[in-house]
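Could you build all of it, start to finish, from the sequences and the hints given here?
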Amino acid sequence: MNRIWNSVVGKLWITILLLVSFVLFIVTVLLLEFLGNYHSQTVEEALNSEANMIGNIFNDHQQVSISLDIIEDIIGPETNAVIAEKPYDSSYYLHDGINGSKTREKILNEPAFQKVFETNETVMKEILLPSLTEQNRLESYIVLASPLKTGEEEHGVVFIYQSLEVMDRTAERTTNIVFLSAFIALLLTTFFAFFLSSRITSPLRKMREGAFELAKGNFDTKVKATSSDEIGQLAIAFNQMGRQLKHHVEVINQEKEQLSSILTSMADAVITFNQDKTILLSNPPAEKLLQQWMFKNGSTKAQPLPPEMLHMLDHVLGFEEELEEELEIEGAYYAINFSPLYSGESIRGAVAVLHNMTEQHRLEKLREDFIANVSHELRTPIAMLQGYSEAILDDVGATEEERREMTRIIYEESQRMGRLVTDLLNLARMESGYMRLYKEIVQLNSAIERMTLKFTQIAKENEVYLSFETKLDDWATSEMDEDRIEQVMTNLIDNAIRHTPENGKVVVRVEQQQEYAKISINDTGVGISKEDLEFVFERFYKANKARTLGKGGTGLGLAIASNIIQAHEGKIHAESLEGQGTSFAFYLPLKNM
102 MNRIWNSVVG KLWITILLLV SFVLFIVTVL LLEFLGNYHS QTVEEALNSE ANMIGNIFND
162 HQQVSISLDI IEDIIGPETN AVIAEKPYDS SYYLHDGING SKTREKILNE PAFQKVFETN
222 ETVMKEILLP SLTEQNRLES YIVLASPLKT GEEEHGVVFI YQSLEVMDRT AERTTNIVFL
282 SAFIALLLTT FFAFFLSSRI TSPLRKMREG AFELAKGNFD TKVKATSSDE IGQLAIAFNQ
342 MGRQLKHHVE VINQEKEQLS SILTSMADAV ITFNQDKTIL LSNPPAEKLL QQWMFKNGST
402 KAQPLPPEML HMLDHVLGFE EELEEELEIE GAYYAINFSP LYSGESIRGA VAVLHNMTEQ
462 HRLEKLREDF IANVSHELRT PIAMLQGYSE AILDDVGATE EERREMTRII YEESQRMGRL
522 VTDLLNLARM ESGYMRLYKE IVQLNSAIER MTLKFTQIAK ENEVYLSFET KLDDWATSEM
582 DEDRIEQVMT NLIDNAIRHT PENGKVVVRV EQQQEYAKIS INDTGVGISK EDLEFVFERF
642 YKANKARTLG KGGTGLGLAI ASNIIQAHEG KIHAESLEGQ GTSFAFYLPL KNM
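Numbers in the numbering used here are just positions in the sequence shown, counted from 1, shifted up by 101.
It should be emphasised that the hints constitute simulated quantities derived from the structure, not laboratory data.
Quick caveat, the model's predicted, so the values are computed rather than measured.
Treat each hint with caution, since some may be false.
Unchecked claim - Computed list of lysine-lysine pairs in DSSO-like fashion (alpha-carbon distance at most 27 Å, straight line):
#1 Lys672 / Lys555
#2 Lys631 / Lys466
#3 Lys606 / Lys561
#4 Lys466 / Lys389
Stated by the list, open to error - The calculated label-pair distances, taken between Cβ atoms and stated as ranges, are:
#5 Leu382 / Glu679: 49 to 55 Å
#6 Glu310 / Leu289: 27 to 33 Å
#7 Gln487 / Glu632: 31 to 37 Å
#8 Phe313 / Arg274: 54 to 60 Å
#9 Asp496 / Gln461: 34 to 40 Å
#10 Leu538 / Gln359: 39 to 45 Å
#11 Lys307 / Asn438: 50 to 56 Å
Cβ coordinates follow ideal geometry from the N, Cα and C atoms, glycine included.
So this is what it looks like as structure tokens:
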């Protein structure tokens, strides 16, 4: 039911019904008023005419009895008359009924009619009189009191009265006719209202269904235009709107996909903020960065931004100006650019672009450290070469033996410089990815044992016990560049022997761990402090002076060894306790035969 009232059909139907009902009501009231006035006027004219006629009959005939007979024949049965010569006297009467005496008495006792005997003026009035046809019932009568003259003499007053029942019956019939007409009009109005509204609302319903389909995203929905009127034009406009919406949505989706692809492919982090500082959009690098900040801070808040960025965001939103700074956040360096976003003339948010400068800072620091380390490493041999060369040129050496010693020192320092340059070239070649490996399948036990036994004599000279142990199967092999692995073993065993005191031990051990062969070089030397241990594979890094004092080295050996092992898809690490010894271990993938 509510659906009908809320529809166009129901509203149109109710509107037409109310309009027709209002018009019928006004017409009925006016018609009844007109008919009532018309009947009253007709009755008054009829009574006046009858009174004049009675007067004329009395004037024309001298005998009262003859006049009464004539009057009784002329007056209709619905009209009653009383002729009185004096007040309270009813000398003659016509058409007397059941309550005739009561009616005459009521008329003659009416004060308004008693004045007629005195003033000789005609009086007409509507009063309630006893019914002439029924007992104990009053009816409305219209009574006319008119003086009656016979010649020049006054003969009395004639009272003519007629029941208004006829007028009431006429009004009732008129009312019934009006109500019947109203009922028929309502039926016809309802029929035509539903017919008209269905012709209007049927295409509107189809357009409503089409609008719902458009809202669901079905932009190919069409509405048939069945007419050329406003509704047909509306259907055509609806179809054009659907085509335009489809086109614009496709353009928006293309731009959105393009923007999404650009943001996703960007290496820089991009974050878009609303005016209330909430994050609206972020690309994958930004999401990863936000998660890192959240985990590091242990925060579960929706806004994991560091205070530095929040301060920049406040500045951009408050002053509506672009801001660019380089900040250190959580140990990393970022070049941050904040730009305001506008909606018309008002600011609606901001966008931040974060470029990670950590690697550039690290490379810059490595470059600076590299220059400093190379300068430091070259300064001593160059100074010694320069000093001893000047001494030879100035004939400082008094004896041949002294000159030969100076020459030997110059030769050793030049060799040291050559080794440093060679190590630098090798390391640069490895880190740039230009190192070429000549891999072949090698039996690990025999290869590692051979590389270990090369240092037997050096170990004896340093009074260090060198041994080889294996828990690996003899048939275990690995695909590797044997020369490069020998370079790693040479560096590690040489370091172990040099930093192990007399009567110490150096053990080379080979064992299997899952799909890798673990080769470890363990010594009982002075060890490396925990602070230095994580930096031992850095270029030019040297641990505590106790390990390096008087024991030459460029500080590049372990960095070269780490690059060689990584090129073999392995890994290398070190473990040490100060005063108890050090263990370097690297892993090589085993070859499945």
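_Between the beta carbons of Glu310 and Leu289, is the distance compatible with 27 to 33 Å?_
holds (31 Å)
*Has the given pair, Lys606 with Lys561, been kept, meaning a C-alpha gap of at most 27 Å?*
holds (11 Å)
*Just tell me: holds or violated, for the beta carbon distance of Phe313 and Arg274 against 54 to 60 Å?*
holds (55 Å)
*Indicate whether the distance between the beta carbons of Gln487 and Glu632 respects the range 31 to 37 Å.*
holds (36 Å)
*If you draw a straight line from the CA of Lys631 to the CA of Lys466, is it 27 Å or shorter?*
holds (23 Å)
*Has the hinted range 39 to 45 Å been met by the Cβ atoms of Leu538 and Gln359?*
holds (43 Å)
*Does the Cβ distance between Lys307 and Asn438 fall inside 50 to 56 Å?*
holds (53 Å)
*Note whether the CB distance of Asp496 and Gln461 lies within 34 to 40 Å or breaks it.*
About 53 Å separates the Cβ atoms of Asp496 and Gln461, which means 34 to 40 Å is violated.
*Could you say whether the range 49 to 55 Å given as a hint is met by the Cβ separation of Leu382 and Glu679?*
Given about 53 Å between the Cβ atoms, the range holds.
*Quickly compare the C-alpha distance for Lys466 and Lys389 to 27 Å and report which way the hint goes.*
holds (26 Å)
*Take a quick look at whether Lys672 and Lys555 sit within 27 Å of each other, Cα to Cα.*
holds (24 Å)
Violated hint for the displayed structure: number 9, the only one.
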